[in-house]
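One-letter residues, chain by chain:
2 protein chains.
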Amino acid sequence: MSDVKVTYFNGRGLGEVIRYLLKYGNIGFEDIRIDQDDWPTLKESTPFGQLPLYEENGKVTAQSVAIARYIAKKVNLAGDDEWQNLEIDTIVDTITDVRLKLYPLYYESDTEKKESLKQTLLAETVPYYFERFEKYITKNNGYLVANKLTWADVYLAVSLDLFFVFLGENVLEKYETLSSLKKKVEELPGIQEWIASRPETSF
Amino acid sequence: MSDVKVTYFNGRGLGEVIRYLLKYGNIGFEDIRIDQDDWPTLKESTPFGQLPLYEENGKVTAQSVAIARYIAKKVNLAGDDEWQNLEIDTIVDTITDVRLKLYPLYYESDTEKKESLKQTLLAETVPYYFERFEKYITKNNGYLVANKLTWADVYLAVSLDLFFVFLGENVLEKYETLSSLKKKVEELPGIQEWIASRPETSF
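Just so you know, the protein sequences line up as chains A and B, in that order.
Residue numbers for the first sequence follow our numbering, beginning at 1 and rising by one.
Residue numbers for the second sequence follow our numbering, beginning at 1 and rising by one.
Heads up, some of the hints might be wrong.
Chain copies aren't distinguished; within one or between two, either way the pair holds.
To be verified - Once the Cα atoms are required to be at most 27 Å apart in a straight line, the calculated BS3-like pairs of lysine-lysine come out as:
1) K114 to K101
2) K113 to K101
3) K114 to K148
4) K135 to K43
5) K43 to K183
6) K139 to K59
7) K118 to K5
8) K139 to K114
9) K114 to K183
10) K118 to K101
11) K174 to K43
12) K73 to K59
13) K135 to K118
14) K101 to K5
15) K148 to K73
16) K182 to K148
17) K74 to K148
18) K43 to K101
19) K183 to K139
20) K135 to K114
Derived from the structure by calculation, the hints contain no laboratory data.
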């Protein structure tokens, strides 16, 4: 019986980077998916009212990126030295910055405002960051940092999925370097099988 | 001559956690403060258009929290093992979540909406998080994590300053445990001298 548990909603969202890393490292875990109806009750018992949660040997903690960094070290997807870890963290926090720019789209109920936000993202935000990410990938031998696969690449791959959901699958059309890194991550042993077998959810 | 450079605006903001950690560790650095007028020109040359930047031996990177984690390891304010580092990161990312909730206040120009946002922060957000942080501090012998001083405490102390700026200095009135941790950080060797001698800025 596995002593690792990942608790999240029935979706990819903030949970998927954790699941990818565990699958990549062949670490067994219980994939607990909370029904929205049960969430208000569970919320009270979480450290800061948020999912995902990560449990190991009975100890529980929260925050997706923090958990991903922890697992990355276990599965050898961290840097070789502390400067590389810093460079990974710089990219990871920048990916989070861009993810956060998508959320107003989700919460905006006015159709016209939503469309205007979407156009700004497509015309300004996406090119600004995607072009910079591509330069890193070109400079680092096909990976974001350190000339090798790290958890920054895995985080980018799952985050690009979020861009598909909010901005359409063709958002990556012009970014071949980003697309091929995403594909490379999705074909990794463990992750490929997971994608083929995971529960189907809209995001 | 120091080979460490910290580049930020002339303010505390996202730069101060880096300066505190360097001062605590007695690591010399060049404290470069960019004039707002010079920023548009410099912005182009930064990795992702943002400050602070951290430079060491000619290598440059961005993202305040990533940089803080890197320096914390150098100055022995990281965890003793990877689980402690995860717990630190969980708290740090949660502090960032709360900081981000303050920014709409800064950008809201409508006086009435600004006041309403402020009231929600004071009545709901602040108590929710501050009470939880206090529980951690009580459980961990006066510190947020690991029963000892870590960079999570330093990040909390500088972040509470931001709450003062946006919500008023009396925001900590009811939170003696938080207040005394903030004071403890501000009286640390290196940090105390820095606070007494740093440039005076509004935030």
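Violated hints - listed by number, lowest first: 3, 5, 7, 8, 9, 14 and 20
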